[in-house]
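Undergrad: Order-wise, the sequence lines are chains Z and D. Taking numbering that gives the first Met the number 0, the leading residue of the first sequence gets 0, the next gets one more, and so forth. Taking numbering that gives the first Met the number 0, the leading residue of the second sequence gets 0, the next gets one more, and so forth.
Source of the hints: derived by calculation from the structure; they are not laboratory data. Please read these numbers as outputs of a predicted model, since none were measured by experiment. Be aware that a few hints might be false.
[To be verified] Sample of chain D residues with no beta-carbon within 10 Å of chain Z, all distances over it, derived:
1) A59
2) W146
3) F160
4) I161
5) N217
6) G569
7) T594
8) T595
9) P596
[Stated by the list, open to error] Restraint ranges, calculated between C-beta atoms of paired labels, are given here:
10) D/T75 with Z/G159: 49 to 59 Å
11) D/I360 with Z/P156: 15 to 25 Å
12) Z/W59 with D/K221: 49 to 59 Å
We treat Cβ as the ideally placed atom computed from N, Cα and C, and that holds for glycine.
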Amino acid sequence: MSGFITVLLVILVFVIIYQIGKASEYASAMRGQEVVKYKTNRVIGWLLVAFFFLGLYGIWKCDQYFKPMMLPVASCENGIKWDSMFNTTLVVTGIVFFATQAILFWFAFRYQTTEKSKSFYFAHSNKLELIWTTIPAIAMAILVAIGLRNWAAVTSPAPGDATVVEVVGKQFNWLIRYPGKDNELGKRDFRKINDANNVLGLDWSDPHNNDDIISQKGELHVVVGKPVKLIIGSRDVIHDVGLPHFRLKMDAVPGITTTMWFKPTITTDSMKRITGNPNFVYEISCDQMCGKGHYSMRGTIIVETQAEYDKWMSEQKSYYAENNAPATPAAPAAGAEAPKADSPKAVTMK
Amino acid sequence: MNNAGVITEGPSVAHAASAEHHGHEHHEQHFIWKYIFSQDHKMISKQFLVTGIIWAIIGALMSVFFRLQLGFPDSTFPIMEKFLGEWAKGGKLSPEFYYALVTMHGTILVFFVLTAGLSGTFANLLIPIQIGARDMASPFMNMLSYWFFFLSSVIMLVSLFIETGPASGGWTTYPPLSALKEASLGSGLGMDLWLLSMALFVVSSLLGGLNYISTILNMRTKGMTMTRMPLTIWALFFTAVLGVLSFPVLFSGFILLIFDRNFGTSFYLSEIFIGGKALPHIGGSAILYQHLFWFLGHPEVYIIMLPGMGMASEVLSTHSRKPIFGYFAMIISLIGITLLAFLVWAHHMFVTGMSPFLGSIFVLLTLLIAVPSAVKVFNWLTTMWRGNIRFNPPMMFAIGFVSLFISGGLTGLFLGNSAIDIHLHDTYFVVAHFHIVMGVSAFFGMFAGIYHWFPKMFGRFMNNTLGYIHFFITLVGAYLIFWPMHYEGIAGMPRRYYDFSAWESFKHFQDINAFISIIATIVFFAQLIFVINFFASMFRGRKVTTMNPWGSTTLEWTTPINPGHGNWEGDIPEVYRWPYDYKDDGNGGDFISQTTPLRPGEESH
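So here's chain D without its partners, still in its complex pose (with noise of 0.2 Å):
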């Protein structure tokens, strides 16, 4: 961290810093400024992104307890016992903490690590360097978002451990099962700390993305118009779009349950007996709290998918040394996606009793949204046509997360269509399409990310070998767990169960769920190689030399190996030509910086 200490200044170096540590002279910043309480966009990047990777170890350590118990639902592990104490006795997992494992493991992929991790870290590293900012719009504001997903974190871990468990509901959290505490034991305490923990979550993602949003209108350097932005800039402008506009309704519906919850409304809650009583409760609709919850829950599914084709685009591109393939497709289809994310969410709803009528439209808007993610496949498929592929990590994964898209995106063209819907909900296809379109696949766009700017976080390469055994680990792990999973949920076998012995219809696929539970563990285990390449490649990876390892067209490249606070070291470099001019640039290089004026007579893109 060479220049770690050398603030440059500029016109819009953190403005909201100056009290504590925008020092002129000084050459070390203390401890805390420069990483804990920092406000430089790279350092809150990378505060994300270890907190994401220690969420993604619980939550996946999580499923291999839960597989355990599927996969083998007849012997013990002791081990588990050391690890979960008393939700594990004798080594099995007791049905209310199975319950709870599943519920903590959704929460935990799709909010903690899939939404704060991975937009939170690359957001956070590229918006500003991508464009030619300094920092981001509000450094303090970016600060405060890291902070407040932090307590969200520190509540959810807390509510593992107290005695009644964390929240049990599925990660939906669906009333009344999540609203009466007589209904299970994790909606009691558990369930309220979720609330509160997602509560701060949304904050979190708010102020996050009001700063994203507002950084890339606003702070884009000279000559970087919208239409010279990166492809990755694009896709986190719409996921930040998507976060804003939706979460605050995810919120209205968590009040909402609070409120039921505590302070005796019936805004979800009508006509219920249980715990030998009948509830005062009358004329609420449960129906409510779902149609609040998918109106984000759905755009969150783009939310996590968005970050992923935008580095996809982005790798992809560079590392076949080609322009990437239909730029403006590329942002129309994205438009397009975030317009129809917000006119879908019903379609997790088809089964709900709501209007037959309804649903049609669902299915047709559902439908809809299949044509441009054909296109982005398209594009991606032809940008590496006459390519010049080179194989390093990065785009592997980026060539694994359009191969998962694919296999993932087709199965939703199943689920999306209400008569088959019909069938298929809530059983174990529902669960394959998912883990492999908006899991593995969203995680192999983070991976893609990762390996590709690890040199610009942290100036040195991560280990190739390690990165390739990974990769293959994964993508093959990663199918042979889901795509068996297909055949289980059309034959009808309901997901969240903790047990399938008894039952005449679903007891003999028990051979095959056992071979995803061994897959899985090995996987779990696979992806601890990442995390070692990761920690040790940051103290003792192969060093960066060169300012553009990659040969890549963008800004980044143009900073320093370590840039400091401000990031470029003299003025912020002008843009002159689009991000992709992967081309021959006269003089035996086979890209162009987009700093490069075009040389007379050359044409923009």
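Just chain Z, same shape as in the assembly (with noise of 0.2 Å):
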């Protein structure tokens, strides 16, 4: 029944809008059409006035209203170079933006039509086209310069003491695999893939597997300081490595490995302190559409100082002993596929 009224309502509120809209046409029919275009012109012109500056008090603000919100100061130095050239980029934009909007409504409102102006002929200059090619050439060559040389430094190859931690997405949480104190992760294969007892298709007759720690809650644990190496994979469709506090991102590809890496700065805890916000948390968020449970699919970055990692890394079991608890490696012969029909299958389509 309010349904019902609702809808009677909404289309009451349409049919007055309409008759409005029929009456105005009737009285500037009747008043004559040119008297009426000068008087609507002059309203509109003051309308679009209206609107640039309310416009201008709305984006302060906005302002105001986020900025209380925003990411903290970036954990990371190439996070920190990212917040410059973001600034910088915003002020050239700005710059920009505020020059011509400004001039579009100027213009609008100081050339419109009255009962006794004329256009002025003026239909093209070379000089002029050539002025305004060449600023923004040239402030488009200073953006790619800035740009290329954050993003060479971004991209390039991880320091060779960092750490190696493996990440890989699956719907919908993320696994992290570390080394274990041989600092070499295993070979893996898709095939070994097994929920019970093998998530990442660990080869166990790689003995470089048998101290791989992996953590199914997707906690990642760093040391600050000391940068770290990411080798990003997926276990079935495409999902992308999220981590706004270190300004980054990379795709987790199925049969392709992608890598990134940062050397975190903050830790957790200074964190809690700087934003004031006793929850803080890094999160490793999942930024490419990858199923029903994409918005839930969350992890978290520990950033800790040196002795709390190893400490947490000395409480941690392998995951070939929590697998294989006492004795006999379950390992399944070479070559052969993941088992199939005793397979768990409820954690995919839940």
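Hints are included, so try docking the two chains, each in its own frame, into the full complex.
TA: What follows is the structure, encoded as structure tokens:
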């Protein structure tokens, strides 16, 4: 019933608006097209000016509103470069934005038709075209130069002393694998994946796998001040490792390995103080649409001191030990397919 | 429609049509041939427009539904259950259907409204009457183009009603998500229908595009040299060129996807474990699809923008009573944009792991495209300088178009620079950017065109007051919706999320999300004012009493008020001058039609 009344009300509003429109048409027909034309023109001119100034006020208010909500200072060097490059681009585009919008609305208002105004025949000027081709071209060259310098820095090979960690996306969570004591990630093969006891398809014939640690909660522990290199992959569809606090993103593509590195500079604890938010946590967001649970594909990064990291690491059991409790490695024979009949199916399509 | 029965005999009237309806003596065509299987470019243009409007309402309503979810994730809206049934049980959208709505909203608006609805309408309406032709090069192919579009529309519409729902992998439908039925509900039958519908859409688009190009190149009237064509025609010409060269690439991408989905190939699939088992596919590349998709996908942005640019140029010039400034610079910048449009696609893929060096090249080429765009903006501004501006609805929308094009274009400089994109990619900054520039701005170009040429289409005016209300609500609303989204994006808020409440980094934007949703709903209803105005004015609008109500120089205003099939009753007029001679005609008028011979001593432009 209430739905019916709402629909009726909406229709009524439209009928009224339509009648206003019609009435104004009759009125203008009676009072003469020309008179109304100039009067309307003036009103619209002022409305455009009002729009422009209200817009400026709105931009300022919007900025005030968002200021306390934005991301805190970037937590890695390249992130700080990102912030500065962003600001440079913002200044360049900001100048162009305010200048051109002001000109647009000023011209519209200033050169509106009046009873005696005439237009000025001015069809082209090569000089002007040259000026406003060259200036944007120079501005673009500067932005490209800054961009390419930063792009080279952020995509450069990771430093040799970087800790290597593997991040693998699956619908809908992140699996994080640490190389363990031997500092070497073992081989893995998607055909050996088994949700019960081999989520990443580790190849047990590779001894490097024996000490690898897997966090299925998507918890990435990193040491402050020490570069970390992420080896990124995906088990099923394309995901994306998004690290907003580090101003970084990289797709996780099945069948292709991608990488990304950064050097965290602020621990989670310090960040809690900086932001004044006791619940602050570095989050890993999935930034590539990956299915119905895309919005819930959340991981976390814990940036901590070397001592805290070592302590945490010493408490972790290797994935092998976790799944093959006391003895006998249950490694399937080489070349065998992943178990078929008894594989749990519940994970992907809940 | 006084002249509807008069089909003028001319050398180029509807050759292919003669069998069905080219009677010499008849006065009233049968309803079916006149309104449904019409080969008159003007009727086909109206068909595209009306279909586009219907799709736009559906697509926009979808955005209202998913905005309600985003704005009020904890509330229920029982009215949604009425529309969506099981998908919104108890008035709460399910995540699967949220993604389906997002996907369909994108597909519908990008392809069905802003490609078919926009180019289809205005290329069909304007090309013949602005270059002085009786109809398209092939009116029959033109009719087919609409009917392929119609068929494609029907299939897409059907996919909304199937049990597993329509495609839900985003309008870009990246595999493997879109390739594997196990990956999501929408990747089942919904995706098959999506691909089928899009394949037909490509066919429609190619039939239309080839026709537009051949008409423009071959069927211009006497004196209508290429450099005397209105900028709308130039823009529609390059739009068609972009479509003809890039849609086939998209088509090939779809074919491979169809093979991967149904015939066990591995073009896009490799090393996948899903639904509890490892798939046999090895060696494909999921990124290949993205290259093929964006090779159309980026030119597509310009397929959407160029018609708006052309129409804004025409409207700004006409209603400023001043020639378009820098006619040749406008053409050269269109050429520049068209060429560069093919060389920038990978800026959508900076973070896919592609070679950083390749990324650098695409940064350079992408930012280069800002130069011709800037030239266009400055030319529009100078067109208005010292003009004699009449604020009627088409002009308002053209001014709004320029404002939005500036706002949305400038944010492209952030995203085109890979070092900035690496953080902003797939956040709300992107959503804000492309909605302003190729969404709202393109719509403003389209509205400018509709308000401007409505008198030519239907012999009546649209209501001005409603037009002003529509304009101001839409302009203010568009900025209120999309301006805050930039901030959310800079804060890293990812797009295509169903709910942010579990995220420490993004949950504090809840209030602003609710605000955006409310404004979006209001703006949706404001568009209905336009729809009512459009359909009511078709039958009850103020009648056009003169052939050239705007005082325009171009050829379409030399046709009768309600032109029949064939457009001109006598001979096709000859053209003597460029299309923007807004100057003193020596008799107190402020424009000289293209059909007026040069006065003695007058130099051509």
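Undergrad: For every hint, state whether the structure bears it out.
TA: Each hint, compared with the structure:
| no. | hint | in the structure |
| --- | --- | --- |
| 1 | A59 | holds (15 Å) |
| 2 | W146 | holds (33 Å) |
| 3 | F160 | holds (19 Å) |
| 4 | I161 | holds (17 Å) |
| 5 | N217 | holds (29 Å) |
| 6 | G569 | holds (30 Å) |
| 7 | T594 | holds (19 Å) |
| 8 | T595 | holds (16 Å) |
| 9 | P596 | holds (19 Å) |
| 10 | D/T75 with Z/G159: 49 to 59 Å | holds (56 Å) |
| 11 | D/I360 with Z/P156: 15 to 25 Å | holds (20 Å) |
| 12 | Z/W59 with D/K221: 49 to 59 Å | holds (57 Å) |
Violated hints: none; the structure is consistent with every hint.
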